[in-house]
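Chains A and B supply the protein sequences, listed in that same order.
Sequential numbering from 76 applies to the first sequence in our numbering.
Sequential numbering from 32 applies to the second sequence in our numbering.
There's no promise every hint is true.
Straight-line Cα separation of at most 25 Å, SDA-like style, residue types lysine to any residue; simulated pairs [stated by the list, open to error]:
hint, chain 1, residue 1, chain 2, residue 2
1, A, Lys160, B, Lys56
2, A, Lys329, A, Ser276
3, B, Lys56, A, Gly214
Here chain A is said to cover these stretches of chain B; the calculated rule only asks that three of the stretch's residues, wherever they fall, bring their Cβ under 8 Å from a Cβ of chain A [stated by the list, open to error]:
hint, segment
4, 35 to 47
5, 81 to 91
I should point out that these hints are in silico values taken from the structure, not numbers from a laboratory.
Even for Gly, the Cβ is constructed at its ideal location relative to N, Cα and C.
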Amino acid sequence: MELNELTISEAADGLRKKKFSSKDLVDASMTTIGGMDGDIKAFVYVDENGAYESAKRVDKMLAEGKDLPVLAGIPAGIKDIINTKGVKTTCCSPILKDFIPPYDATVIERLKDNHMVMIGKTNLDEFACGSSTESSCFGVTHNPYDLTRVAGGSSGGSAAAVASNMCMYSLGTDTGGSIRLPASFCGVYGMKVTYGRVSRSGVTAMASSWDTVGNFGRTVKDIAIVLSAIAGKDRRDLTMPDVEVPDYLGFLGKDVKGMKIGLPKEYFGKGVDKEVEDAVKLAVKKLEDAGAKVVEVSLPSTKYAVAVYYITMPAELSANLERFDGIRYGKKPPKDAEELVDYYFQARGDGFGDEIKRRIMIGTYVLSAGYFDAYYKKALKVRTVIIEDFNKAFGEVDVLVAPVFPSTAFKIGEFTDDPLALYMADALTIPASAAGLPSLACPCGKSKAGLPIGLQIIAPQFEEGRCLRVADYLATLQ
Amino acid sequence: MLTETQVRHIAKLARIRLTDEEVKKFSKQLSGVLDYMDILNEVDTKNIAETSQVTGLKNVMEEDVILPAQSGREELLKCSELSVDGNQIRVKRIVK
Numbered sequence: 076m077e078l079n080e081l082t083i084s085e086a087a088d089g090l091r092k093k094k095f096s097s098k099d100l101v102d103a104s105m106t107t108i109g110g111m112d113g114d115i116k117a118f119v120y121v122d123e124n125g126a127y128e129s130a131k132r133v134d135k136m137l138a139e140g141k142d143l144p145v146l147a148g149i150p151a152g153i154k155d156i157i158n159t160k161g162v163k164t165t166c167c168s169p170i171l172k173d174f175i176p177p178y179d180a181t182v183i184e185r186l187k188d189n190h191m192v193m194i195g196k197t198n199l200d201e202f203a204c205g206s207s208t209e210s211s212c213f214g215v216t217h218n219p220y221d222l223t224r225v226a227g228g229s230s231g232g233s234a235a236a237v238a239s240n241m242c243m244y245s246l247g248t249d250t251g252g253s254i255r256l257p258a259s260f261c262g263v264y265g266m267k268v269t270y271g272r273v274s275r276s277g278v279t280a281m282a283s284s285w286d287t288v289g290n291f292g293r294t295v296k297d298i299a300i301v302l303s304a305i306a307g308k309d310r311r312d313l314t315m316p317d318v319e320v321p322d323y324l325g326f327l328g329k330d331v332k333g334m335k336i337g338l339p340k341e342y343f344g345k346g347v348d349k350e351v352e353d354a355v356k357l358a359v360k361k362l363e364d365a366g367a368k369v370v371e372v373s374l375p376s377t378k379y380a381v382a383v384y385y386i387t388m389p390a391e392l393s394a395n396l397e398r399f400d401g402i403r404y405g406k407k408p409p410k411d412a413e414e415l416v417d418y419y420f421q422a423r424g425d426g427f428g429d430e431i432k433r434r435i436m437i438g439t440y441v442l443s444a445g446y447f448d449a450y451y452k453k454a455l456k457v458r459t460v461i462i463e464d465f466n467k468a469f470g471e472v473d474v475l476v477a478p479v480f481p482s483t484a485f486k487i488g489e490f491t492d493d494p495l496a497l498y499m500a501d502a503l504t505i506p507a508s509a510a511g512l513p514s515l516a517c518p519c520g521k522s523k524a525g526l527p528i529g530l531q532i533i534a535p536q537f538e539e540g541r542c543l544r545v546a547d548y549l550a551t552l553q
Numbered sequence: 032m033l034t035e036t037q038v039r040h041i042a043k044l045a046r047i048r049l050t051d052e053e054v055k056k057f058s059k060q061l062s063g064v065l066d067y068m069d070i071l072n073e074v075d076t077k078n079i080a081e082t083s084q085v086t087g088l089k090n091v092m093e094e095d096v097i098l099p100a101q102s103g104r105e106e107l108l109k110c111s112e113l114s115v116d117g118n119q120i121r122v123k124r125i126v127k
């Protein structure tokens, strides 16, 4: 096995047994990136110097016999919407193309405390707005399983980087499906946490009542290790409830006997590819054979989630993106303006791509006088109805299992002229986000064409451990 | 449903300059998106409360302790591409 194919714990073990150094791990990442990333385009910036410097520090400490955390010296990829002090953070938007943040996001501080080795920054849809990374100003990330297809989005670079062994884990963000969808398309695990489980401080805000920061990995254990490092209260993000972080590794290696698994009927059937439905149901059957109790449940408001999302998210986004005016940070427009207001029009007109303009305008419209009640307030109420569906379902079952996406990865360019069709891509991931629930995307087989299929395990708020327990056991059955 | 005049008005509110082609394109695309939102009218929301925060937190209190700054004045000013005058960023004229 090549070094870059190891899991985090295997690599950590090898480092401690002096079988290889952190520098060797970085070498393996760099070689893989050099060989493949010209085609895949998972990274928008490779921090070669920074990675080797961090590796050198870890190797020195290991040589001195220091007791280091398991993530020490392990190569990571970071979504380019997460601030990294001194390292360009662009949100893949023209307006931030040369922005170098003066501070680290809390999740980066925490990973640095764990002596991470950051390989580089990964590609995303501009400001995380999209389901395919096609709206990135650096160009699309290609699916490692089929270069003519998308890797999913918005965290497409983070998923493709882990899937193609360019790094051992990565961070992403999930607002309406941006971790789960690319994880599913690229055949890796992707953890969308409970709203407020992981600090959002230093992560560029998209839709503040939906945004979460989570992680990608090739095994459930790798997911649990990284989640343990990043989860937990942060004074700089006051939307985090004071809920203790459990020992996530303690949920692994357990069976599922007696667990109640719900299959939401609205997530199957019409519109869902038979291959996807069969793969998800086969996985559920295996869990049932292993002693889990499987029941069908109903989440009747599922079909309203996309509309709720595409009203409230652009509303929040339009307010959050007001700060990008080309003054305190961001690109100065090439043409000089006479007055400040013209400067704003130019900086924002030149600095934002089409999808951002569309969403800012939808948000501005639904918040404007005369439309506020009809769109925005109505959406906030239907959000409550969606949450009540989940509350009712979790009165009967421990977790829900469903497909992540109705098909496998779609072709690059398939939805270019039809934004609404692309918005529908999030139909099966938005509902859990609406309720702030954790959901773990897990690989569950491949289509006849060889493309990965993913399922998601959804749990009540702050019950990430249940997702990990079911996913870990399922992995032993596959 | 969203006329070109409305698109121009919204873009003005949002301080985004649009070309004529963009106005045409967005008018069509945004109309399609907004028409789709009508699906919400199927849901009876009488007596349903609004959700704007999903974990139920409100009025979060913290000890009044000053945290160390994450970055200094100089570093913050360096983020701007505009010219800096003392501790301020020089911007275009606001009023005539």
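Each hint tested on the structure:
1. A:Lys160 with B:Lys56: Violated: Lys160 of chain A and Lys56 of chain B sit about 38 Å apart, past 25 Å.
2. A:Lys329 with A:Ser276: With a Cα-Cα distance of about 34 Å, the restraint between Lys329 of chain A and Ser276 of chain A is violated, given a limit of 25 Å.
3. B:Lys56 with A:Gly214: holds, 21 Å
4. 35 to 47: holds (count 8)
5. 81 to 91: With 9 residues close enough to chain A, the hint holds.
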